[in-house]
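*Asks:* Now for the letters of each chain:
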Amino acid sequence: MEKVKSFERIKQGILKTFDWIYDRYEYFLVVPILLFALAGVLFGTSYLENGRFFQRSTEFTGGIQVTFSPESDINVDGLQSSFRKNFSDKIVVRSVGNKIRVEGGEKTTKDQIESSLDQFGVKYNDLQSYNASPVTKGYFFFQAQRAVIIAFIIISIVVFVAFRNTVPSIAVILAAVLDIVFAASMMILLGIELSFATIAALLILIGYSVDTDVLLTTKVIRRKKGKIKERMYSAMATGATMTVTGIVAFIVLYLVSTSPFLPSSFLLSQIALVILFGLIADLLSTWFQNAIILKMYLERK
Amino acid sequence: MKWRELFKDWRIWLLILALIISVVGIFPHYETNQAGEVFITTNIGYGIEITGGSEVMIGSKKNKTEINNFSRKLDKVEDILDYRINSFGLKDTETRKIGDEFIQAKVAEANLTQLKDLITRGGNLEARIKIPVKGDDTLTFGKEAQKEFSVELKDENLSVEGKEYQVNDTFELEIKQGKEISLKYESYQENQGNLSALVFEGKEVKNIKPRSARATGVSGQSYRLGLLISNTAARRMTDISQTFDKETKIIRGEKEAYLKGAKLKFFLGNKLAGDPLDIAYTFKRQEVKNPTISGTAGSEEKANEELNKLDAILRSASYPFEIKIINERTFSGTLGSGFVTTALVSIFAAVIAVAIVVLIRYQRPEVALPITMTGLSEVLIILGVASLINWSINLPSIAGIIAAVGTGVDDQVVLTDESKDKKIKSLKVKIERAFFIIFTAAASTIGAMLPLYSVGAGAVRGFALTTIIGILIGITITRPAYAAVLEHMK
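Residue numbers (my numbering), protein chains in the order written: chain Z, 1 to 301; chain S, 1001 to 1490.
Incorrect hints may have been included.
[Unchecked claim] Here are the computed lysine-lysine pairs in the DSSO-like style, where the Cα-Cα straight-line distance is at most 30 Å: (1) Z:Lys295 - S:Lys1422; (2) S:Lys1073 - S:Lys1324; (3) Z:Lys90 - S:Lys1324; (4) Z:Lys110 - S:Lys1422; (5) S:Lys1206 - S:Lys1134; (6) S:Lys1423 - Z:Lys5.
[What the hints assert, rightly or not] Pulled from the structure, derived: some chain S residues nowhere near chain Z, Cβ distances all over 12 Å: (7) Ile1012; (8) Trp1013; (9) Ile1040; (10) Glu1094; (11) Asp1117; (12) Glu1186; (13) Val1205; (14) Asn1207; (15) Pro1276; (16) Arg1285; (17) Lys1289; (18) Asp1410; (19) Phe1439.
[Claimed, not checked] Cβ pair distances, simulated, as ranges: (20) Z:Gly44 - S:Lys1061: 38 to 46 Å; (21) S:Ser1230 - Z:Lys85: 58 to 66 Å; (22) Z:Ile33 - S:Asp1079: 52 to 60 Å; (23) S:Ile1352 - Z:Gly44: 38 to 46 Å; (24) S:Lys1064 - Z:Glu26: 54 to 62 Å; (25) Z:Glu8 - S:Glu1366: 13 to 21 Å; (26) S:Arg1096 - Z:Arg164: 46 to 54 Å; (27) Z:Arg164 - S:Tyr1030: 56 to 64 Å; (28) Z:Tyr297 - S:Lys1076: 56 to 64 Å.
Because the hints were derived from the structure by calculation, they are not lab data.
We put the CB at the ideal spot given by N, CA and C, even for glycine.
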C-alpha cells in the first residue's frame, strides 16, 4: 500500500499549504489583480500598436483566407515575406500542425494566391478558401458583441436568481470576467484572432467558470454546517478536480488538432488553446478571487 | 453495489433506453463501395467542412433599409434559392436565413463556380420569340391594328424602318401609341439575321400550374407546363405572333398548327435556359392568358427532367431584389475521412485522459469507471440525437462534444464528492444539493451558448448547438443515472 501512503502524504501537503494560504488569504487578492493588470498591459500594447484590442478574423474584417496542406515542410516566415513582395495587401501566413493558411485583404483573390503558390514552387493538397466581402464586417462583429453581452445578462440573471444575494453573485460574475479577460489577453499574446470560433470558446468559459464558482458559493454561503475553512477546502478539492479534468481534456484536443499525423485544424486548435488558458485562469479566479471575496464577505457580516 | 436494486431504478432504464435509441439512430452497418470494398458506416451526417463542398452567403445589393418589406422578401429569396439548388439536383443542400440580413446556402460535392452560377444566373427571366429575317423583309406586329415594318439585311447590317442596327443592339417598335415591341438583334448567320421579341418577363408570370393540374405533365416523350401570364403579356404574345405564317406539322399522327419559324426561348440573366420551343398557331388568333409550354425529349425520363428544369427556371426566375454574393467558402473533400479520425481520436483521447485524472484523484476504479462510462454514454447519445435530428457534425461540433462531456464530468465529480459529505446524513438531500449546483451551471452554460447559436454564422452554431444538446442530455438522462449509481453503490 505504498501508493496509498504517498497519496496521503500529498493530501497532507496540500492541506498544509491550504492552511498556510488561508491564514493570510487577503494578501492573495494580489493574484487576480496581477492577472487583470497583465491582461490590461497586453490589451493596451495591442491597442497602441494596432489601433484595436484584437486581431479580427476574416469573418469580421472581410478578405480572403486560403488554407492548404503543403506536401513538404515550409518556412512560414519566408513564405510570408515572398507573399508580401508580390501583393499590395498585407498578407499573413500562419501554420498549425500540417496546415498553412494565407490571409489577405479584400483586394487579394483566391486565384492570385494559388498562382503565387505555384510561382513559389509550393506543392500542396486540400486547398480550402474563404472569401468575405467587407459588407459583413460591421454586421457580424456587431452580432458577436451582442451575443457576448446577452450571454452575460443571462448568466447574471441565472446567478442572481440562484443565490438571491448581491455580493456572492457579483463575485461569481467577476470570476467569469477574469477568466474571459485573461484568455482573451492570451489570444493577443499568441496571435490568435477574434473569430466566431474563439468567441464561442470565450463564451463556453462562462459555463466552466460558473460551474466551480457556484460550487464554492453554494458550499460556503448556502450551507451552514461546519467551519467556513473546512467548507472552502472541501469545495476546493472538488472544484480543482473539475477544472483539472477540463484542462486535461483540452490539452488533448490541442495535441490532437495540431498533430502531424492527422489533418490539423486551425479552428479546433484555437478553440482548445483559448479554453485551456481560460481554465488555468479559472483555477486562480475561483480560489484566489472568488473564495477570498467570500471569506471577507462572511467575516464582515 | 446492489445490482438488483440498481436495475429496478427508472433512471438507469432511461439511460439504457436512450443508449438503445441512439445506437439505432446512429445505425452502424456494413456497406460495399464501388470498388467492392466492405466498410463500416453510420447514419451520422458530417458537415461540408468535413465532407467537402461550398458555401455562399447572399445579401442585398442595396441597403436593406431602402427596400420595403425586406424581411418578407428575404424569405422569398431563401425559397427561390432553395428551389433552384434542389431542382438542379445538388446533394446535401441547406439554405438558412442569417439574422434578417443574409441567406446562407451550402451544398456538398459541388464546386463553387457551379453554385455561384446557379445562384446568380437569372437575376431576371425573359421569354423571347426568335424572329428570323432575310434580305428585304417585313415584320408585322399588332392584332387589332396591324402595323408593318420594313426590314433590310445587308451582310451583318440590319436596318429597320431606315435605322441601322448591329448585333446585340436592342430597339423598340411602336405599334400603337404607348404600345411597343421590344426587340433585340441577336445574331447573324449565313445571310439570315435573328431578332428576338420580348414576350414576357419573370414578374409577368402569375402562376405556374403544378404537376397535379391537367395542364402540366409528361406523356410519353412529350411534356407540357401550364402557365398563367398577365393580360399585357398575353396581348403582347398575340401582337408578336402576327408576323409569322401558319405551318402544319404532323406530330404522332395528328395535325398541329404552328407559327412557322418561331421559337420561344427563355433567358435567365441573359443566358439561354432550356431548349427553344415551338409555338402553337392559336396564339396568332387569340390572346391566351394560360398558355401551355410543351416540348418533346428523347425519352420519358428525359421529358420529366426537361419539365422539372423548365419549372425550376420559371419558378425561380427572379429575386424580389437584386442580390449580391457576400462571402463564399470552399471545403476540400479529400480530408473527409481524416477529419473523422481527428474527431474520434480527440473525443476518445480526451475521455481517457479525464478518466486517468479521475482515477488518480479518487484512487478507486469503482468511482472512475462509472464516471468514464457516463461520459462515453453522453458522447454516444449526443451522436444519436444528431443522427436522429439530421444535424451534421462539423469540426466545431467536436469541440462542443468535448466541452459538453467536460462539464458532464465536472457534474459527476460534484455528485461524487457531495455524496460523501459526512455532515448530512440523507443521501437524497446530498444529491438534491448537488443538483442545485448542476442546474445552475447548466443554465449558465446554455444561457451563454444560446445567443451565439442564434447569431452565429455557419460553423460556430455547430459548437453552440452540440454543447446545448450535450448539457440537456446530461441534466435529463446521464446525471440522474449517475446519481442512481451513487445511491445504490452503498
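*Asks:* Hints first: check each against the structure and report whether it holds.
*Replies:* Comparing the hints with the structure gives:
1. Our distance criterion of 30 Å between C-alpha atoms is met by Lys295 (chain Z) and Lys1422 (chain S), whose separation comes to about 23 Å.
2. Annotation: proposed proximity of Lys1073 (chain S) to Lys1324 (chain S) holds, straight-line Cα distance about 14 Å (limit 30 Å).
3. Distance check on the hinted pair: Lys90 (chain Z) and Lys1324 (chain S) sit about 26 Å apart at the alpha-carbon level, within 30 Å; holds.
4. This hinted pair does not check out: Lys110 (chain Z) and Lys1422 (chain S) have alpha carbons roughly 65 Å apart, beyond 30 Å.
5. Note on Lys1206 (chain S) and Lys1134 (chain S): the hinted pairing is violated, with a Cα-Cα distance of about 36 Å set against a maximum of 30 Å.
6. A threshold of 30 Å between alpha carbons decides the hint, and for Lys1423 (chain S) with Lys5 (chain Z) the separation of about 26 Å falls inside it, so the pair holds.
7. Separation of Ile1012 (chain S) from chain Z is adequate, the least Cβ-Cβ distance of about 24 Å exceeding the 12 Å criterion.
8. At roughly 28 Å, the least C-beta separation between Trp1013 (chain S) and chain Z is larger than 12 Å, which holds for a residue marked as non-interface.
9. For Ile1040 (chain S), the requirement that its beta carbon stay farther than 12 Å from each beta carbon of chain Z is met, with the minimum near 19 Å.
10. Every Cβ of chain Z is farther than 12 Å from the Cβ of Glu1094 (chain S); the closest lies at roughly 17 Å, confirming the non-interface assignment.
11. A cut-off of 12 Å between C-beta atoms confirms that Asp1117 (chain S) is not in contact with chain Z; the least separation is 16 Å.
12. Distance to chain Z confirms Glu1186 (chain S) as a non-interface residue, since its nearest Cβ pair spans about 32 Å, more than 12 Å.
13. Taking the minimum C-beta to C-beta distance to chain Z, about 31 Å, the non-interface status of Val1205 (chain S) holds against the 12 Å cut.
14. With a least beta-carbon separation of about 35 Å from chain Z, Asn1207 (chain S) lies farther than 12 Å from that chain, consistent with its non-interface assignment.
15. Pro1276 (chain S), annotated as away from the interface, keeps every beta carbon of chain Z farther than 12 Å; the closest lies near 35 Å.
16. Every CB of chain Z lies more than 12 Å from the CB of Arg1285 (chain S), the least distance being 52 Å, so the non-interface label holds.
17. Interface exclusion of Lys1289 (chain S) from chain Z stands, the closest Cβ pair being 41 Å apart, more than 12 Å.
18. Look at Asp1410 (chain S): its CB is around 4 Å from the nearest CB on chain Z, not clear of 12 Å, so calling it non-interface is violated.
19. Distance check for Phe1439 (chain S) against chain Z: the nearest CB is about 8 Å away, which does not clear 12 Å, and the non-interface claim fails.
20. Taking 38 to 46 Å as the suggested C-beta distance range, the pair Gly44 (chain Z) and Lys1061 (chain S) conforms, at roughly 41 Å.
21. For the pair Ser1230 (chain S) and Lys85 (chain Z), the supplied restraint of 58 to 66 Å holds, since their beta-carbon distance comes to about 60 Å.
22. In this structure the hint that Ile33 (chain Z) and Asp1079 (chain S) lie 52 to 60 Å apart at CB holds, the actual value being about 56 Å.
23. At roughly 42 Å, the beta carbons of Ile1352 (chain S) and Gly44 (chain Z) sit within the given window of 38 to 46 Å.
24. In this structure the supplied range 54 to 62 Å holds for Lys1064 (chain S) paired with Glu26 (chain Z), their Cβ-Cβ distance being about 55 Å.
25. Judged by the Cβ atoms, the range 13 to 21 Å given for Glu8 (chain Z) and Glu1366 (chain S) holds: they are separated by roughly 19 Å.
26. Checking the proposed 46 to 54 Å range against Arg1096 (chain S) and Arg164 (chain Z) shows it is violated: the Cβ atoms sit about 40 Å from each other.
27. Between Arg164 (chain Z) and Tyr1030 (chain S) the C-beta distance comes to about 57 Å, which sits within the given range of 56 to 64 Å.
28. In this structure the supplied range 56 to 64 Å holds for Tyr297 (chain Z) paired with Lys1076 (chain S), their Cβ-Cβ distance being about 57 Å.
Going down the numbered hints, you'll see the structure goes against 4, 5, 18, 19 and 26, while the others check out.
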